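Order-wise, the sequence lines are chains A and B.
Everything in the first sequence is counted per numbering that gives the first Met the number 0, starting at 0 for the first residue and increasing by one.
Everything in the second sequence is counted per numbering that gives the first Met the number 0, starting at 0 for the first residue and increasing by one.
Since the hints were derived computationally from the structure, they do not count as laboratory data.
Bear in mind the structure is a predicted one, so any value in this text is a computation, not a measurement.
We treat Cβ as the ideally placed atom computed from N, Cα and C, and that holds for glycine.
There are no misleading hints in this set.
With beta-carbon atoms standing in for the labels, derived distance ranges:
1) A:LYS30 x B:TRP175: 25 to 31 Å
2) B:ARG482 x A:ASN29: 40 to 46 Å
3) A:GLN35 x B:ARG500: 49 to 55 Å
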Amino acid sequence: MASRKKILLKVIILGDSGVGKTSLMNQFVNKKFSNQYKATIGADFLTKEVMVDDRLVTMQIWDTAGQERFQSLGVAFYRGADCCVLCYDVTSPNSFKSLDSWRDEFLIQASPRDPDHFPFVVLGNKIDLENRAVSTKRAQQWCHSKNEVPYFETSAKEAINVELAFQTIARNALAQESEVELYNEFPDQIKLTNDNKAKQDACSC
Amino acid sequence: MRDILNQLQHGAIMCWVRFRLLEVLENSGTQEAFWSLTQTLTRSMMADGVEDHLGVSSPKVTPGEAVGDELKDDTPGVSGEVMLVNTDSFEECHHELDTQFSGGEDGPVPNSPIRKVQQEQILTQENELVGGMGKVAVTEDEDKTDSEDRLQELVPSAAYVEEENLDEEYLQNPEWIRKEKHVFILSESGKPIYTRYGKEDRLVTLFGLMQALVSFVADSDDVIRCIVAGDHKFVFLVKSPLILVAVSHSVASIAQLLMQLTYVQNQIVSVLTASALTRMFEKRRNYDFRHLLGGTDRLLDNLLNMLDSHPSFLLGAIQCLPLATSVRDTITQTIIQYCSKIKNLVFGLIICQNQLISLVRMKKFLLHPADLHLLFNLVNATESLKTSENWMPICLPKFDPNGYLYGHVSYLADDCEACLLLLSRLRRHHCLEGINTAIRTSFYTVKAIGAPELRHFLYKSKTTAQFTCPEYTAPYHTEAEQRRLFGLYQLLHHRVHSVSRPLKMVYMVMDTQTLLGWVTREFELYAALEPLVTKHNAIIYVNKLLRWIKSDENKLFILNSPTF
Chain A
0 MASRKKILLK VIILGDSGVG KTSLMNQFVN KKFSNQYKAT IGADFLTKEV
50 MVDDRLVTMQ IWDTAGQERF QSLGVAFYRG ADCCVLCYDV TSPNSFKSLD
100 SWRDEFLIQA SPRDPDHFPF VVLGNKIDLE NRAVSTKRAQ QWCHSKNEVP
150 YFETSAKEAI NVELAFQTIA RNALAQESEV ELYNEFPDQI KLTNDNKAKQ
200 DACSC
Chain B
0 MRDILNQLQH GAIMCWVRFR LLEVLENSGT QEAFWSLTQT LTRSMMADGV
50 EDHLGVSSPK VTPGEAVGDE LKDDTPGVSG EVMLVNTDSF EECHHELDTQ
100 FSGGEDGPVP NSPIRKVQQE QILTQENELV GGMGKVAVTE DEDKTDSEDR
150 LQELVPSAAY VEEENLDEEY LQNPEWIRKE KHVFILSESG KPIYTRYGKE
200 DRLVTLFGLM QALVSFVADS DDVIRCIVAG DHKFVFLVKS PLILVAVSHS
250 VASIAQLLMQ LTYVQNQIVS VLTASALTRM FEKRRNYDFR HLLGGTDRLL
300 DNLLNMLDSH PSFLLGAIQC LPLATSVRDT ITQTIIQYCS KIKNLVFGLI
350 ICQNQLISLV RMKKFLLHPA DLHLLFNLVN ATESLKTSEN WMPICLPKFD
400 PNGYLYGHVS YLADDCEACL LLLSRLRRHH CLEGINTAIR TSFYTVKAIG
450 APELRHFLYK SKTTAQFTCP EYTAPYHTEA EQRRLFGLYQ LLHHRVHSVS
500 RPLKMVYMVM DTQTLLGWVT REFELYAALE PLVTKHNAII YVNKLLRWIK
550 SDENKLFILN SPTF
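One chain only, chain B, in its complex shape (with noise of 0.2 Å):
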């Protein structure tokens, strides 16, 4: 113990931050180095006046305030009729903060009205938090040689190591100390629950240490949130019952570790509800809820691969599967017409591939993107549910965290990859196999656009809360160039969300490509250009992209909302 705090100190900076995850970033020798680059590279970008190109009225706009006016009636995407909880990309995270500093409650969508009736029932967490800033920074610039050494600064050392222990073998192991991002999660008494990586049993010190150094700053009235040190972080989520910590040393911000690991956390929602994880932890503390929750780490496992890759949790948004108006009704309609009289259905929906086909929901309820993500990330990581028809117990903590919907979920046909998932308090048999039709692939590259020098690009639709992007093309065509890009998207995500300072557009001009973030009240843009392309080429690609999306809109975004 001692041994480990001691080596976290050497590295460089250590943290604990109360109010501003940002506070951390500018302690940060690397990241200052990085931020201090883009902010100069982006205030020069602005007073160019990229801006008055892309047609933003003023620079100076305040935050909601509709930028673009020309381009406003013709934003792609919007609609009126929504389906899906519409959120920003950083709503889990605002809301973590929110709870764990006001020692507020869980419940972040207001008007569910399960919650309503279950209130008494939502968990309770999170200590009070009363006194000043817990914050610590010890600086140390001696021992900044090269990440190896500060991997190892990392490991309990010296005297910890000389003892004989099973948690020895990981700590000492290169290869497991060199992954990109651990997550954690255990018990708050430090009983280990899931690792990402290697098997959680075989590192009981660990979990140990976690629960010990959580313990240590709520005894002080405080929560620990991250701890810096060199290029690595330490995130901390802790949300009664569970613990879950995040150690990265990628690209990803605090704030989307934070939203990452809650995603975790809704996932282990999803399996067991959050009244039954209260109330077994409440009658015992030191349950084992690997008891409870095996078979899950399949589906935390398919989660963490899914969060380190698709931009769909990124932007808090749903990708749909670009797909003919008329196609598109044919099977809403369907689904309407075989659906609408089975009793308490609330959600009947058709996905292929993470992305969503159709979703007809019950009148009053909206679907939240994160809930969708988990019933995704249920039918990604469950190849049994290919070969029959399944009835299962789902929790879906946006709508409802303390209670079970039954779903139903099939596949249409064996060699169709749709698959047909409803929602319902009631069990109850019943057939579509009709509606195995037109349903077919058709992904776009972004050829189709016709800028040649874009490359690729995210665009959400923030009212509906979807997401469109092409397939990867060279030179994102290697997993590796994928991974890339996709941290360079964290990056401009990061950018725009920065909590202290929120930019509404990001021009960032680098080596191997030209990055550009745009935020207005209707839509968040993320493209990745030629690295020489112009500013004045830029815009133009930029423009016609969201003509282009808008002439498509109705392929792209599911505009409509059908209900039962």
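Extracted from the complex, chain A is given alone in its bound form (with noise of 0.2 Å):
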């Protein structure tokens, strides 16, 4: 079993379907970008390690499907989530106003511990396209609504903010971890032989 020092972060992705959350995955974690489509059914998972500041991070990124109807995991997959990497297609307006159904989703499904300050990350990807059609502007005031939730920028396909987005996830993700770190529990105290009457019936034979 790891040492304290280790640290594995639980990273969903979440969007609507062709907005590049596989081919985002894949260029962080193996720096390589496919045209094709092919959709993701069910989830995919990859593994990658990043350095924190002084601190060896081994990230563990849920790639989900988009599609509804290959979204079949199940509530259980959502939970225990460290942070939650929204994305959106800057050229499509729908798959941003789909952000907030995705987020809310997110919330009721993971039901983290304290909702308002669950780090979210968003990604406008695919901002090598032409026709773009969601502004700047226009996602930095989403992400301001929402609690200042960090806001980039995206190209899988020629690696933009790319890397820096994830290192922005693991580090909010991290920080929230430390900070519960801090309280420590101390197990339970045992109680039982005192109480007499408790032991009178305590022959399981």
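Reconstruct the complex from the two isolated chains, following the hints.
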């Protein structure tokens, strides 16, 4: 088992189908990009180790299916996430509008303890394309309204901002992690044998 | 993910089972062949009237009814005085089956006072089950070439592997893949906690996949129990907040694997307590339990090795060090004499090489064999206990899953392997060096019985939850042969405890040995004999064995139950 220093973060990527979730992940993990579109079924998992300050962090990245008919993995799937990455396509206003419902959906399903401060990151992907339809300002406003969610404009194809975005994701999730690490629980004291009455019916034969 | 699912479906058969483990076995090709074989064997043997020879009154006795009237009075190892909770070997599993499906509760030993006191704290878990049987069975005949192929299918291949991935190295490593039994522990949110082989943080995506499978099945109000693919079994135990997974291609049955996973789960509870586990997880679903479980892998590794080789877990029973009654009594009296004044001392015991020498208990409290096994494991796995006396918090899950007992562990002397454990509620220093007396290991071999064609046996006295077995002798003198024999015992055990068709007696003639399994209300007997032994002789030997155990029962078992 790992020592205290090793850290594992569960990162979930959400967004409409075709906005480039898998491509972003592939660019980040494998430094590869493919123009071919293959719908993700259910989910895919990738791992990447990153250094945040002097700490080695293993990111367990859960790439999910955007298409509704492939989203069948169940509620438990989202639980225990350390960070959620919301993606949209800057050329598709609808995918941007969906961010609200993706965020709500996540909060309902994952039910984190402190929903207002749960670390989200928003990525506006495909900025290499020319037919841009969602302005930076509009996206920034949305992020501002959701408690200052960090916002990045990325291109999985050109590898623009991808590394930086995931670094931020790791850093923000880590900040949450260490915050709660502060209070350490002390386990139970046993209170059993004091209870004389209870002792009477202790024999299980 | 989709690749792996596809691959799994390729592997001949995939089943999600809710109600009966055996459904899977019936569907599995190789198992099927084997079962039909053994069943035919058994039936023909039974038809031949083995029972009559052995003194079984009627082959159609209802389960639980006393068998073998002549033997009843002198059944070896029977005692009215009990110090251990007597168990069915599959108590754990049956409990597992019950709780997982009734949406029920933890807390198998119903009368523990502690449990009553702290009932509100007991973990709530397991999805409530509604709806029909979730079972998928896909059969494909084409690709049943060899096991190598099937192994490959279990591994994400093609596009998945092309991706540069930390998990790749293990999933590509044939040595890692071929391990007979993998055990993985993860949190309900898919965070890795433990893997038997390799480093858990190099298998992060695999853990994610396991959680996805559990979550996927849970979404239809169901619980994933196992997947059978070729000769591989994937057994899941969902015990919130933990998910335990065993991947095995050994002979161990699904029920036996489930029992082993329960032991592993109990081991974790023993370190953290169930309430602490739940509380941490309620507080933070993304909690990384490795922080709290640091150093526990040593215990888990050792436990898993013992589970693979030690009959005590399989039988749910304790082995006692064979010892003359007078010596044992002296030891017991010494413990009582020195310890009876210690307030709140719940159990005092002396153990040696995973065998019990003496156990003194507080009146009204029984020790569960499963808890004692964890104590054995703790002592067995912790070298450092030898160097000094130790106080440590120990949670005994069957005794009380939500609280710690203080355990005092000390070895009696440098040159003596006997180890003293005192479990109490309060810290108190005390010493017992004087007890370093007549404890001498006195193992016996099967020769002592004088049954030339009897090779090895396990005899469990059900009422006392104790068992005895001789040392391994030729042909079981090599480790490989011992493992094989253990596998055969697992098989026998599975046959007689089969949920759908429990047997009272199994007689199997095989190439390299003849196996006999016999279960009555008082005992379970598993024996390995020469392959060419005649049925007539086998019966004579077994009766001789029972008489021998009877004559030595005071040495082999602890039949009284001293208290403070």
